[in-house]
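Colleague: Starting from the known structure of chain A, fit chain B onto it as the hints suggest.
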Amino acid sequence: MSAVEAAIARANAERGGALIGYLPVGFPTVAESIEAAVAMAENGVDVIELGLPYSDPVMDGPAIQKATQTALSNGFRLQDGFDAVREITSRVSAPVVLMSYWNPIMQYGVDRFADELKAAGGSGIITPDLVSDEAVDWIAASERTGLDRVFLAAPSSSDARLVRAVEASTGFVYAVSTMGITGARSDVDAAAKTLVARLREAGSTSACVGLGISTAEQVREVLTYADGAIVGSVFVSALSTGGVDAVAKTAASLATGTLA
Amino acid sequence: MLKDELGPYFGEFGGRFVPESLIAALDELDAAYNEAKNDPEFAAELAELHASYTGRPSIITEVPRFAEHAGGARIILKREDLNHTGSHKINNVLGQALLARRLGKTRLIAETGAGQHGVATATAAALFGMSCVVYMGEVDTERQALNVARMRLLGAEVIPVTAGSRTLKDAINEGLRDWVANVEDSHYLMGTVAGPHPFPVMVRDFHRVIGDEARKQVLELTGALPTAVAACVGGGSNAMGIFHAFLDDTDVALYGYEAAGEGHLTERHAATLTKGRPGVLHGARSYMLQDDEGQTVESHSISAGLDYPGVGPEHSWLKDIGRANYEPITDAEAMEALRLLSRTEGIIPAIESAHALAGAIKLGKQLGPESVILVNLSGRGDKDMETAAEYFELIDSAEANKAGE
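Quick mapping for you: the protein sequence lines, in order, are chains A and B.
Going by the UniProt record's numbering, the first residue of the first sequence is number 1, and it counts up by one from there.
Going by the UniProt record's numbering, the first residue of the second sequence is number 1, and it counts up by one from there.
Just so you know, these hints were derived from the structure itself, not from any lab.
Glycine included, C-beta positions come from ideal geometry on N, C-alpha and C.
Hints should not be assumed to be uniformly reliable.
Stated by the list, open to error - Mimicking DMTMM-like on lysine to aspartate or glutamate, the simulated pairs with C-alpha atoms at most 20 Å apart in a straight line are:
no.	chain 1	residue 1	chain 2	residue 2
1	A	LYS118	A	ASP133
2	B	LYS216	B	GLU62
3	A	LYS66	B	GLU298
4	A	LYS118	B	GLU293
5	A	LYS66	B	GLU138
Stated by the list, open to error - Calculated Cβ distances over 12 Å to all of chain A for the following chain B residues:
no.	residue
6	GLY11
7	LEU22
8	ARG152
9	ARG177
10	GLU184
11	THR222
12	ARG268
13	GLY294
14	ARG323
15	GLU327
16	THR387
17	GLU393
The following block holds chain A by itself, in its conformation from the complex (with noise of 0.2 Å):
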């Protein structure tokens, strides 16, 4: 089992079960994004989700586009993510998985960004633009190393993708609640529930959903039928207006959520 994996069926078998947190780094710098990152994990995020600034972010909605666009607009380079994940793991014992666009991995190279992640003492990573079809050297790099690879699966998936989805992920695989991008939402899409009872049938024991989630009330209500919940972008708010003690809060608050 991996890290990842072992710290999502921890948070279920202690509580009702994980809350994963993201921030990109760099925003608003380097050294910000690793207290934010640490502050999470000393304050009930079960797993980071770290999240490589690119240019051209299709999946994502206005605050984390603004978010990663300062980190790009203030130099970022891929070496400050290997670095944070460094520095992040040695701190804290909450496993750490990047979030990346493809084209930044497949231009440094997918096994020397798999080894020097590894490297790092990074556990994984989320691709949100690439699908396990066209993933052959990721899926090759991954089984190497033993990195963990999440996939995402949509509530337009067909079974037989869902199915797909659940075989080629490893650590958990990545529910999408809604169909849209990321962003605070009111109320999470009744949709991630029966999204989540079909990739239980198509044999997913690891399942987190994503997209939109923003309250403890809301982490409580998809922890009732998924194995973990992912919260984003009222991170990435909470930095950008209170810094690290706004995402320290921010995170207990949200981790109050996951006690059954």
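Modeller: Below, chain B without anything else, positioned relative to chain A:
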């Protein structure tokens, strides 16, 4: 046969690098397209629209006075500028709008650079009674204000995109985001031969009519196939449309002209095939302009329609197998060709198409007076009058001020 390539891959290029949420919609579109392709009723419907709405077949025009400046080569223009809405874009739009109607979609999403594709999509939406939203980079809404007005007059909602470089690339990102959220009732009407499968193949097929007609017309006029075919390349739809009929005519040279902006040796250009390298952008693997870490680099061109850091995957493949040649044309060369065609032949081309004309001038000098060059005149220049007026200082400032009061 090179003509028979059906995707999703062209050599190592193409594919589907998109969020999982879109895969079902792409599968649905692919299936609908394959069904329609073999349905005589669909073909008849499209042919009827071509004939009675667009004004096809478009004519060819030989331009001897212009050709005097091109080494004496015979130059023949394929007049896509005479289509309804003023460019080749309508060919693809009508095809995809018919497909969208078959799929029961009631809303069209489009991106646009120069506005030609947006205008064509807004036109089809009006014709078919669909709603329409067009994403356009804020920079482009400024330099193509007239087309913004046209789209709004046609009933479309035009949304200026303020993210990133505020041009075509960012408009495509925004269109894809909209599609992810509204895929149930909306069709993303991609305007070029880029994007995830089946767009590159489907858009090419809807533009094949350009080359099919032109090949026959040139044969009738000259008794032989042309020596070379020239077209401008941004995403590459008009070029694929005219190239396709000639792909297996090995004696016919194919030339794609990219926007070199201030020069392909400067940092301000859009010469993707000349200066880029393979990567993934907007759902497909293809050549693209990027930095050493795979971040997309902003492109620059006086022509909004060519101001794009990517290119269709089939062009990348044609370049790599050596079937087509791609060369850069600067802003200055294109503007000079625009003025030359206007002055010598009374035809004002779009700035995009002027890149192909500038290329033909160079090519004619290279190939000599025995050669025949077919140029795709993909659009007319009405939309570019403001840019041209400023570039050539055609309106003196006193009058301009008065007009502005």
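Colleague: Taking C-beta pairs only, is ARG323 of chain B more than 12 Å away from all of chain A?
Modeller: Consistent with the label, ARG323 of chain B stays out of reach of chain A, its closest Cβ about 25 Å off (over 12 Å).
Colleague: Checking a non-interface call: every C-beta of chain A should be farther than 12 Å from the C-beta of GLU393 of chain B. Is that right?
Modeller: holds (36 Å)
Colleague: Is the claim that THR387 of chain B lies outside the interface with chain A correct, judged by CB distances over 12 Å?
Modeller: holds (26 Å)
Colleague: Could you let me know if the closest chain A CB is still more than 12 Å away from the CB of ARG177 of chain B?
Modeller: violated (5 Å)
Colleague: Going straight from one Cα to the other, do LYS118 of chain A and ASP133 of chain A come out at no more than 20 Å?
Modeller: violated (24 Å)
Colleague: Do the alpha carbons of LYS66 of chain A and GLU298 of chain B lie within 20 Å of each other, as the hint requires?
Modeller: Distance of about 17 Å is within 20 Å: holds.
Colleague: Determine whether the non-interface label on GLY294 of chain B survives the test: each CB of chain A must be over 12 Å from its CB.
Modeller: Check fails; 3 Å does not lie beyond 12 Å.
Colleague: Just checking, ARG152 of chain B versus chain A, shortest CB gap more than 12 Å?
Modeller: Holds, since 24 Å exceeds 12 Å.
Colleague: Does GLU184 of chain B really sit off the interface, with its C-beta more than 12 Å from all C-beta atoms of chain A?
Modeller: Per Cβ check, GLU184 of chain B is inside 12 Å of chain A; nearest 7 Å; violated.
Colleague: Just checking, LEU22 of chain B versus chain A, shortest CB gap more than 12 Å?
Modeller: violated (8 Å)
Colleague: LYS216 of chain B and GLU62 of chain B: Cα distance at most 20 Å?
Modeller: Since the Cα atoms of LYS216 of chain B and GLU62 of chain B sit roughly 15 Å apart, the hinted pair holds (cutoff 20 Å).
Colleague: Taken at face value, is the distance from the CA of GLU138 of chain B to the CA of LYS66 of chain A at most 20 Å?
Modeller: holds (17 Å)
The structure does not agree with the numbered hints 1, 7, 9, 10, 13 stated previously, though it agrees with the rest.
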